[in-house]
Amino acid sequence: MSAADDAPPAPTRFEPPVAPASAPFWDASREQRLVLQWCRDCERPIHYPREACPRCLGTELEFRPASGRGVVYAASVMPKPGNASMAGREPYVVALVDLEEGVRMLSNVVGLRPELVEVGLAVEVTWEPLSDGRHLPLFAAATQA
Amino acid sequence: MTVHEGLRGQAAIVGVADAVSPTGELDGSVQALEVAMIREALDDAGLTIGDVDAVFSCTWAGWAPSLGLAEYLGIAPRWTDSTQTGGSSFEVHVEHAAAAIALGLVDVAVIAYAGTPRSSFKRGGSGFASRQTMPGLTPQAEWEMPYGLRMPMGAYALAASRHMAEYGTTSEQMAQIAVDARRWAAMNPRARLQEQISVEDVLASPLEASPLRKLDCCLVTDGAGAVVLTSAERARDLRKPPALVLGTGTCHTHSMISQMPDLTTTGAVVSGALAFAAAGLGPDDVDVVELYDSFTITVLLLLEDLGFCPKGEGGRFVAEGVLGPGGSRPANTTGGGLAYTHPGMFGIFLLVEAVRQLRGECGPRQVAGAEVALAHGSGGVLSAMSTVILGTEATA
Ligand SMILES: [Zn+2]
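These protein sequence lines are chains C and S, in that order. Taken in order, the first sequence gives residues 1 to 145; the numbers are from my numbering. Taken in order, the second sequence gives residues 1001 to 1396; the numbers are from my numbering.
Excised from the complex, chain C in its bound form (with noise of 0.2 Å):
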């Protein structure tokens, strides 16, 4: 599913800037799919993405495909735009989802009435287009268990 359904015609979302280290994970985003960052040495997952991995301080990092499944760790609903590119969205919600390979990402979740959107709802990734051909990681209520 996509919310670019739901999206305005023109983005008008503050859009990212994209750091160096993190190119990989936008440049994946124009297919619609979600990677991480993984440290070979540590074999664990790194999010954001980094110039060296923030146990180790290695530099042997890969990105690899993430399901795109987690849970909401924490949510809030914002009844005013956090800033001026998100009036007219409100109230939406801005919650920190566990992803299911061991990082946490601060995000949206869209699709369901805000205070539907409780601690513990399992989630997946769906994508909002921006303006240069990348996408925003969204999430929406997972469709399966």
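It should be emphasised that the hints constitute simulated quantities derived from the structure, not laboratory data. Warning: the hint list may mix true and false statements.
[Unchecked claim] Chain S side only, calculated, beta carbon under 10 Å to chain C, not exhaustive: (1) D1027; (2) V1030; (3) E1071; (4) Y1072; (5) L1103; (6) L1137; (7) A1141; (8) G1148; (9) R1150; (10) L1158; (11) A1160; (12) S1161; (13) A1165; (14) P1211; (15) I1257.
[Said to hold, decoys possible] Far from chain C, some chain S residues (derived; all Cβ distances over 10 Å): (16) S1171; (17) M1187; (18) G1321; (19) G1369.
[Claimed, not checked] Only pairs whose alpha carbons sit at most 25 Å apart, straight line, appear in this in silico SDA-like list of lysine to any residue: (20) K80/C x S1205/S; (21) K1122/S x N83/C; (22) K80/C x L1007/S.
Model, not experiment: these values are computed from the prediction. C-beta atoms are modelled at their ideal positions from N, C-alpha and C, and glycine is treated no differently.
Once you have looked at the hints, place chain S with the ligand on chain C.
For chain S with the ligand alone, kept in the frame of chain C given last:
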């Protein structure tokens, strides 16, 4: 974990000053206010600017805050510190100053802060937000800003959401923290908000970021303050009774809320344990606590993490009003950031009030017989924690 036992009681806060107004606004520039506070705090101690050989500033305009402040003061210090950890900067500064004094590297240190976000905003400026904009290529711009989390309340709302889900904490319990802050503020004629409120009032106030409502959130006011430290030995010859630095501790766990390892546990677990170990004291020995109350949830987390109640029990602990006047755990006796003042950063005011409580200067809001006070700063978004335990001469 290194315990700074050797620092216990070596340094003291000997002068304090703060400027706030019930209108929430102060006249004068940030520079003028900061210098006025330094002058007043030195006078409180019976010292002069010529005695100062260490400056601490995290906000002075320009690329190097302590350089700017020292230049403005016309002094050439031998110890300089521009450490910026947000609202806890001033507790960190006390720790650094106390260590330097204990080693004989510093004689007299001044720590100052002024902020005028309220009058700046009224003049059409961006208030404190001008310090919070994060242009360009930062992890926050890349991984948080696209999602429209309201800042800073949204970050704390996420922590509250998690605490409620994990421990059954309720909005009513958190609201009691705001109610108790007003009970103290009612006894403080300089407090911004002196009207009493009820739990129902808090729950009826507008939602800011669920579950936090307007009355769960700190003020936006002008304000300024300063503290002066010197050695315990020199302190004994000065104007006011010294507030001895018995123990300190600092720990930061993240910068962005999305990188906080556990949203229900802060670095205060570490900073508090360090400070108590250094002081040779425990939570039960503390007579009055000044905890950074950026939001009601902040106080709840700090009470747990500093050991005043078990993890997860914060909601039940505060529900009966123990933090208020006459309660068993008097806290935030000015009215705190929720009701006294909050000029962007509140850490200096925690120290000033802790010292005044130990001196017995607090009039109607005085906690009788206070000998040990704990001031705890929280900076960033529950990011940087710093604990300072102060005591009277009787605790030396
Ligand atoms: Zn590694």
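Hint check results:
1. D1027: 32 Å, violated
2. V1030: 26 Å, violated
3. E1071: 35 Å, violated
4. Y1072: 35 Å, violated
5. L1103: 31 Å, violated
6. L1137: Given a least distance of 5 Å, the restraint on L1137/S holds.
7. A1141: 5 Å, holds
8. G1148: 4 Å, holds
9. R1150: 4 Å, holds
10. L1158: It holds, given that the least Cβ distance between L1158/S and chain C is near 4 Å, below 10 Å.
11. A1160: Since the shortest Cβ distance to chain C is 8 Å, the answer is holds.
12. S1161: Cβ of S1161/S sits 5 Å from chain C, so the hint holds.
13. A1165: Holds: closest Cβ of chain C sits about 4 Å from A1165/S, inside 10 Å.
14. P1211: 8 Å, holds
15. I1257: 8 Å, holds
16. S1171: 13 Å, holds
17. M1187: The claim stands: M1187/S keeps its Cβ more than 10 Å from every Cβ of chain C (closest is about 34 Å).
18. G1321: 27 Å, holds
19. G1369: Holds, since 41 Å exceeds 10 Å.
20. K80/C x S1205/S: 14 Å, holds
21. K1122/S x N83/C: 20 Å, holds
22. K80/C x L1007/S: 48 Å, violated
Consistency note: the structure conflicts with the earlier hints numbered 1, 2, 3, 4, 5, 22.
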